[in-house]
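*Asks:* Here is what each chain is made of, one letter per residue.
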Amino acid sequence: MSRVRAARVAPAPSAVGPRRRRGFIRTYLTPKQAIPARARLILAVGSFVFVVGTWWLLASLVQNALFVPSPYQVVVTWWDMMVNLGFYNDVGWSAFRIIAGFLLAAVAAVPLGLLMGSFEAVRSFFNPPINAIRYMPASAFIPLLILLQGLGEDEKITIIWIGVFFQLVLMVMDIAHRVPDEMLNVAYTLGASRWTVFYKVFLPATFPEVVDALRITMGWAWTYLIVAELVAAEHGIGSFILIAERYLRADRIIAAIITIGILGLITDTLFSLVHRRAFPYVEKVRA
Amino acid sequence: MSEIEITDVAMRFRSRHREVTALERISLTVPDGQFACIVGPSGCGKSTLLMIAAGLITPTEGEVLVDGKPTFEPGADRGMVFQSYSLYPWLSVRRNIEFGPEIKKVRPAERSKTSSELIHLMKLDGFADAYPKALSGGMKQRAAIARALAGDPEVLLMDEPFGALDAQTRQIMQELLTDIWQRYRKTVLFVTHDIDEAIFLGDVIYVMTSRPGRIRTTLAVDIPRPRTFDTLTGPRFAELRNQVVGVIHEESLKAVESELARA
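Chains A and B, in that order, give the protein sequences. First residue of the first sequence: 1061, per the working numbering; consecutive thereafter. First residue of the second sequence: 4, per the working numbering; consecutive thereafter.
Chain A on its own, in the form it takes in the complex:
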């Protein structure tokens, strides 16, 4: 359920040609060809309607509100959770853990990744262990961390940290490694010192892609958090889900999962917004 999205793709401008009706097949089934803006909107709304509609249909066919609640029921339950069960509290706990774990991971991973990408010595030293640990699933550390740290916040934050840090470091390293030599060389031949080249050319050259990497790893952080909360926690969306399962409340589980999805969508949109505001100079990937 990682929220990795393909590179943001700018819609290709559709050509204003002679107003001649083109066949359906030619319009919609030519690879990489832009479709009319209205069709894009209709399809986007349509997909949402399709998903909810299928769900609704399924619920009314099964007629078992206990295990397959209808969308309407879930909305009602969600409201009830917020008003009567203090679900917002759990959301708050989860958000706090995510933000703390993610920030701590980013603060360590971004500088180290940049150093590994630019200095071969640093890379040679850190790359082998990080690469190995990356393949150890963060969730496998949970029992060990419970032994070492107990069931408190630091255990959850450490899980997120492990899940994010090792991935992010390598992504940032690759980004740094891809900065073209010629960009740096131009600066040297304009009289820049090594330090000037580092902070005036190398760092700014990596920024946009680093923010992209943060956006992607943020999605992974949610996965690790929920796993950690499912295993053992007093508060949080994950523990709420676990309790709901004990009471056979599929509606509550579904409402909680959808809440995570919406939170993810919000953070993703925020990252995209920051990206567009901070880096207006980045060339968009063409469709």
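Heads up, some of the hints might be wrong.
[Said to hold, decoys possible] One-sided excerpt, in silico: chain B residues whose CB lies under 8 Å from chain A:
1. Pro77
2. Ser87
3. Ser89
4. Tyr91
5. Pro92
6. Phe102
7. Gly103
8. Tyr134
9. Lys136
10. Gly154
[Unchecked claim] Sample of chain B residues facing chain A (criterion: CB under 8 Å; computed from the structure):
11. Ala57
12. Gly78
13. Ala79
14. Met83
15. Trp93
16. Lys107
Calculated from the structure, these hints are not laboratory results. Each residue gets a CB set at the ideal place from its N, CA and C atoms; glycine is no exception.
Got chain A sorted already, so can you dock chain B onto it with the hints?
*Replies:* Quick look at chain B alone, frame taken from chain A:
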């Protein structure tokens, strides 16, 4: 007075099994204000030679002197223009051009005077505040040349700067570059694989051979300046062209034969 001298430069790379000689004892001097071109087949090491001249690569043997003084590091005295433009995408055209003056701590008023002048000269009016992504290939390279000139180098090193441009744009850029060169009279060392380009631009042409890279022939281009589009159709141009083509053809044949012999 700003001349660049390359003396007995050799470059060898050691791979696991053997040593490869990329450049073998190359010496050349570009006197003050001369426009020198290096032509040669791809893989002859001409770009490596230019990187050595810039101080970006340390040669195995030999040294590079600017105004008689040996240099070991890159510096603002040798500005470089690359084929890939390599403008900084996060800076506007103006800030790109002012990059050199900025790191030299030139006063802002003076900086913007320099950049305004170069923006006009390089026909980038109206694009001063645009980001590089808004520019065409030719405009990007004009901005990159402006950036190199704004650094006020003694010597301008150009590595196939027009190699990625289409033929029409390339011709326009060559004419623009000769204009600019006649205005600033910089010492230029220009690497290209395009023979016509070398003859049109250069005072002198060094023809390089490949593997190991060596200077095979030196030709003085005695076509008077200012050179224009008509220069390309003149008889002297054709003569020089035939000479260079002949040498390069001979060398290419030799290269193929030696490859066959090795096979």
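*Asks:* If a hint holds in the structure, say so; if it doesn't, say that too.
*Replies:* Going down the list of hints, with the structure as the test:
Taken as an interface hint, Pro77 (chain B) checks out: its beta carbon lies about 4 Å from the nearest beta carbon of chain A, inside 8 Å. The interface hint given for Ser87 (chain B) holds, since its Cβ lies 6 Å from the closest Cβ of chain A, which is under the 8 Å cut-off. For Ser89 (chain B), the shortest C-beta to C-beta distance to chain A is roughly 4 Å, which falls under 8 Å, so the interface hint holds. Against a cut-off of 8 Å between C-beta atoms, the interface hint on Tyr91 (chain B) holds, since the closest Cβ of chain A lies about 7 Å away.
Annotation: Pro92 (chain B) was flagged as interfacial toward chain A, and the flag holds, the nearest CB pair being 5 Å apart, inside 8 Å. The beta carbon of Phe102 (chain B) comes within 6 Å of a beta carbon in chain A, closer than 8 Å, and the hint placing it at the interface holds. At its closest, the beta carbon of Gly103 (chain B) sits 4 Å from a beta carbon of chain A; the interface hint therefore holds under the 8 Å criterion. Proximity of Tyr134 (chain B) to chain A holds as hinted, the smallest CB-CB distance being about 4 Å (cut-off 8 Å).
A distance limit of 8 Å between C-beta atoms decides the matter here; for Lys136 (chain B) the minimum to chain A is near 4 Å, and the interface restraint holds. For Gly154 (chain B), the suggested interface contact is upheld, since its CB lies about 5 Å from the closest CB of chain A, less than 8 Å. For the restraint placing Ala57 (chain B) at the interface with chain A, the shortest Cβ-Cβ distance is roughly 5 Å, inside the 8 Å limit, so the hint holds. The closest approach between the C-beta of Gly78 (chain B) and any C-beta of chain A is roughly 6 Å, which is under the 8 Å cut-off, so the hint is satisfied.
Proximity of Ala79 (chain B) to chain A holds as hinted, the smallest CB-CB distance being about 3 Å (cut-off 8 Å). With a least beta-carbon distance of about 4 Å to chain A, the hint placing Met83 (chain B) at the interface is held under the 8 Å criterion. The restraint placing Trp93 (chain B) at the interface with chain A holds, with a minimum CB-CB distance near 5 Å, inside the 8 Å limit. The restraint placing Lys107 (chain B) at the interface with chain A holds, with a minimum CB-CB distance near 6 Å, inside the 8 Å limit.
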